[in-house]
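Number of protein chains: 2
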Amino acid sequence: MIRVLHVGLGPIGAAVARQIAARKGLRIVGAVDIDPLKVGQDVGAVIGVDRKLRVKVGVDIGTAIDESKPDVAVLCTSSSLKGVLPELMEVLKHGVAVVTTTEEVAYPRKDNRAIAKRIDAAAKKAKVAVLGTGVNPGFTMDALPIALSAVCEHVDRIEVWRVQDARIRRLPFQQKIGAGLTPEDFQRRVENGRVRHVGFTESIQMIGDAMGWKLDEITDDVSSKIAETAVSSEWLSVASGQVCGIVQDGVGYVKGQPKVTLRLEAYLGAPESYDSVLIEGTPRIYSKIDGGVHGDIATAAITVNAIPAVIAAAPGLRTMRDMRLPSFDGGALSWARKG
Amino acid sequence: MIRVLHVGLGPIGAAVARQIAARKGLRIVGAVDIDPLKVGQDVGAVIGVDRKLRVKVGVDIGTAIDESKPDVAVLCTSSSLKGVLPELMEVLKHGVAVVTTTEEVAYPRKDNRAIAKRIDAAAKKAKVAVLGTGVNPGFTMDALPIALSAVCEHVDRIEVWRVQDARIRRLPFQQKIGAGLTPEDFQRRVENGRVRHVGFTESIQMIGDAMGWKLDEITDDVSSKIAETAVSSEWLSVASGQVCGIVQDGVGYVKGQPKVTLRLEAYLGAPESYDSVLIEGTPRIYSKIDGGVHGDIATAAITVNAIPAVIAAAPGLRTMRDMRLPSFDGGALSWARKG
Numbered sequence: 234m235i236r237v238l239h240v241g242l243g244p245i246g247a248a249v250a251r252q253i254a255a256r257k258g259l260r261i262v263g264a265v266d267i268d269p270l271k272v273g274q275d276v277g278a279v280i281g282v283d284r285k286l287r288v289k290v291g292v293d294i295g296t297a298i299d300e301s302k303p304d305v306a307v308l309c310t311s312s313s314l315k316g317v318l319p320e321l322m323e324v325l326k327h328g329v330a331v332v333t334t335t336e337e338v339a340y341p342r343k344d345n346r347a348i349a350k351r352i353d354a355a356a357k358k359a360k361v362a363v364l365g366t367g368v369n370p371g372f373t374m375d376a377l378p379i380a381l382s383a384v385c386e387h388v389d390r391i392e393v394w395r396v397q398d399a400r401i402r403r404l405p406f407q408q409k410i411g412a413g414l415t416p417e418d419f420q421r422r423v424e425n426g427r428v429r430h431v432g433f434t435e436s437i438q439m440i441g442d443a444m445g446w447k448l449d450e451i452t453d454d455v456s457s458k459i460a461e462t463a464v465s466s467e468w469l470s471v472a473s474g475q476v477c478g479i480v481q482d483g484v485g486y487v488k489g490q491p492k493v494t495l496r497l498e499a500y501l502g503a504p505e506s507y508d509s510v511l512i513e514g515t516p517r518i519y520s521k522i523d524g525g526v527h528g529d530i531a532t533a534a535i536t537v538n539a540i541p542a543v544i545a546a547a548p549g550l551r552t553m554r555d556m557r558l559p560s561f562d563g564g565a566l567s568w569a570r571k572g
Numbered sequence: 234m235i236r237v238l239h240v241g242l243g244p245i246g247a248a249v250a251r252q253i254a255a256r257k258g259l260r261i262v263g264a265v266d267i268d269p270l271k272v273g274q275d276v277g278a279v280i281g282v283d284r285k286l287r288v289k290v291g292v293d294i295g296t297a298i299d300e301s302k303p304d305v306a307v308l309c310t311s312s313s314l315k316g317v318l319p320e321l322m323e324v325l326k327h328g329v330a331v332v333t334t335t336e337e338v339a340y341p342r343k344d345n346r347a348i349a350k351r352i353d354a355a356a357k358k359a360k361v362a363v364l365g366t367g368v369n370p371g372f373t374m375d376a377l378p379i380a381l382s383a384v385c386e387h388v389d390r391i392e393v394w395r396v397q398d399a400r401i402r403r404l405p406f407q408q409k410i411g412a413g414l415t416p417e418d419f420q421r422r423v424e425n426g427r428v429r430h431v432g433f434t435e436s437i438q439m440i441g442d443a444m445g446w447k448l449d450e451i452t453d454d455v456s457s458k459i460a461e462t463a464v465s466s467e468w469l470s471v472a473s474g475q476v477c478g479i480v481q482d483g484v485g486y487v488k489g490q491p492k493v494t495l496r497l498e499a500y501l502g503a504p505e506s507y508d509s510v511l512i513e514g515t516p517r518i519y520s521k522i523d524g525g526v527h528g529d530i531a532t533a534a535i536t537v538n539a540i541p542a543v544i545a546a547a548p549g550l551r552t553m554r555d556m557r558l559p560s561f562d563g564g565a566l567s568w569a570r571k572g
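Chain order of the listed sequences is A and B. First residue of the first sequence: 234, per my numbering; consecutive thereafter. First residue of the second sequence: 234, per my numbering; consecutive thereafter.
Incorrect hints may appear among the rest.
Remember, identical chains collapse to one label, so a pair may be satisfied in a single copy or spanning two.
To be verified - Below 25 angstroms or equal to it, Euclidean Cα-Cα: the simulated SDA-like pairs (lysine to any residue) are:
{"#": "1", "residue 1": "K358", "residue 2": "A545"}
{"#": "2", "residue 1": "K257", "residue 2": "E450"}
{"#": "3", "residue 1": "K257", "residue 2": "Q490"}
{"#": "4", "residue 1": "K315", "residue 2": "E392"}
{"#": "5", "residue 1": "K358", "residue 2": "R557"}
{"#": "6", "residue 1": "K409", "residue 2": "D453"}
{"#": "7", "residue 1": "K447", "residue 2": "A545"}
{"#": "8", "residue 1": "K521", "residue 2": "L511"}
{"#": "9", "residue 1": "K447", "residue 2": "A255"}
{"#": "10", "residue 1": "K409", "residue 2": "E467"}
{"#": "11", "residue 1": "K447", "residue 2": "D555"}
{"#": "12", "residue 1": "K488", "residue 2": "G258"}
{"#": "13", "residue 1": "K302", "residue 2": "R517"}
{"#": "14", "residue 1": "K409", "residue 2": "R557"}
{"#": "15", "residue 1": "K447", "residue 2": "H387"}
{"#": "16", "residue 1": "K357", "residue 2": "I544"}
{"#": "17", "residue 1": "K326", "residue 2": "E300"}
{"#": "18", "residue 1": "K358", "residue 2": "A547"}
{"#": "19", "residue 1": "K521", "residue 2": "S509"}
{"#": "20", "residue 1": "K521", "residue 2": "Y507"}
{"#": "21", "residue 1": "K257", "residue 2": "D389"}
Bear in mind the hints are in silico, worked out from the structure with no lab data behind them. Quick caveat: nothing in here was measured; it's all calculated off a predicted structure.
Start from the sequences, fold in the hints, and give me the full structure.
Right, here's the structure in full:
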């Protein structure tokens, strides 16, 4: 039985916890959150499962670790590497492995490398592994295209599209992508960084490194998708001419040539949802997942599925590139024992 | 620079060697083959590259290793685990890591487990890794569906189709799938095991183990595809009513329920080539590679791309499941150094 501590029980943390509560071989033994409304409650009530888990949400990581003796901490608090650093270091100080959905941990970009080195050193000292994962970054726009490239003799260029009809996603997601804003409001939010998928630079760098490309420039641009006709979801109505979602383009260049291109379209009314990978190379590969990979379920799932692998991994700050083949984990116990 | 010894320079071995000859960070330092017409020749002439590689094809593995001091041996001689056992053990006796396209090594099935244990023990004693890989088994019908399952909270059933228009493949492949035979001749060849893709049982077992399913029965059935109208390739013409290729169905069952289903169709005139993965689960995943993954190029490519990872891997008989994320290897040197 793998003992799991949750750090952060927001929407993502709670989704991970719900899957763990239902999965064989894993047990929630502790949880902490900064929300005073959650502290002191039973984890079952906080994450919305219909039974008591007999674990109360605490507030201090060190205390929770001392009391619950977890094998791994699942950290879901922030997208920012700097933001999670204190919590991450506290967990590592207590010698516990970490799986986190923090986008910037998935593959630390250049300006985060110094912090990443500190995390790596702390993890090695604690003899545990740290992994950042999720559906994106972590899978659809980096690990999956990298895995597909394994059958290539030569790779010229990789282009990944993630197109989602946001109508099927939850309200916070629809708000996050700016649905319902005026073009001016949207632009203002872009400028102060509030509508942006975090992780493009990380995914581009991961692909570039895997392919052996020395990327000399990475761009990451957000623009609005304007509704041509009125469109609505269960929660929101968007008039024609207003913003119905986001278009984000990321490009990694080598000497002015685009080598890695990522495009995310998430808006109400997209005619088709899909995840596609195009590898221009020998052979040429075009792979498409019809309907796309559902972000909320998938991020929680890949986080849970990574737990046994992280426990078995070599100490240090790991990435999806150097972890063993990702997989649904149907036998957490047997896997973990291999380590 | 990674030093490579080739054991076997048939069509697949030669294809691997051609890619290695063209790749940075890898160097062919030795080669052996049993064909007297190849022994003594320059490897460049044997594999069909337009320059001398200044390496002569030898006949004895031990001598070749002593003389060339390889870091890894690429073994492409047979589909059978028993068939390659003497060569494999000889390489391991000399302390050299192995990547092989031997289908039965990719994921040793039950009746090969005793031999697999001997290989594992010999590899551990030699402190090197052994990996069986290829496009199939090794990727499209096992590692890829397993990797896609990583975003699933729950998996009910996995179905993988590989459909190929054999007109674009080489003549030996078209002959291997029985194109041009009468239905009676085809049936005779099925009975003595001469038309059969080797690897279904291995791929099914790999998927089953990854999902945590205890498969209690695995079936693997070959049937002929009959040409409804005349069809021809560059090399072969098949009259209506004759065999134009193969259909192979493999199923892994748990208590009578099909949990893993593989279907291979390879025949002249298939209207569409593709590789598809269906995961019935939460979320449901349907992934399709348009045009399919070209078998000859891809098997050689994934073998070459695996070399640095195998050198860095933990000693023993490894599988694609416990190797790090597969990837085109664009930086063999830097990867290998990590080990």
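Hints and how they fare:
1. K358 to A545: both (16 angstroms within a copy, 22 angstroms between copies)
2. K257 to E450: Classified as between: cross-chain Cα gap 24 angstroms, same-chain 45 angstroms, threshold 25 angstroms.
3. K257 to Q490: This pair counts as between: shortest inter-copy Cα distance 21 angstroms, intra-copy 48 angstroms.
4. K315 to E392: Result: close neither inside a copy nor across copies, 29 angstroms intra and 42 angstroms inter.
5. K358 to R557: This pair counts as both: shortest intra-copy Cα distance 22 angstroms, inter-copy 23 angstroms.
6. K409 to D453: within (17 angstroms within a copy, 49 angstroms between copies)
7. K447 to A545: between (31 angstroms within a copy, 22 angstroms between copies)
8. K521 to L511: Cα proximity of K521 and L511: in one copy and across copies (9 angstroms, 12 angstroms).
9. K447 to A255: Answer is between: at 20 angstroms across copies they meet the 25 angstroms cutoff, but 43 angstroms inside does not.
10. K409 to E467: Answer is within: at 16 angstroms inside a copy they meet the 25 angstroms cutoff, but 56 angstroms across does not.
11. K447 to D555: Intra 19 angstroms, inter 28 angstroms, cutoff 25 angstroms: intra-copy only.
12. K488 to G258: between (49 angstroms within a copy, 22 angstroms between copies)
13. K302 to R517: neither (49 angstroms within a copy, 35 angstroms between copies)
14. K409 to R557: So K409 and R557 fail the 25 angstroms test inside a copy (33 angstroms) and across (34 angstroms) alike.
15. K447 to H387: Only inside one copy: K447 and H387 sit 16 angstroms apart there, 38 angstroms across copies, limit 25 angstroms.
16. K357 to I544: Both: 13 angstroms inside a copy, 22 angstroms across copies.
17. K326 to E300: within (15 angstroms within a copy, 50 angstroms between copies)
18. K358 to A547: both (12 angstroms within a copy, 21 angstroms between copies)
19. K521 to S509: Result: close both inside a copy and across copies, 4 angstroms intra and 9 angstroms inter.
20. K521 to Y507: Both. Shortest intra-copy (7 angstroms) and inter-copy (11 angstroms) distances satisfy the 25 angstroms Cα cut-off.
21. K257 to D389: between (43 angstroms within a copy, 15 angstroms between copies)
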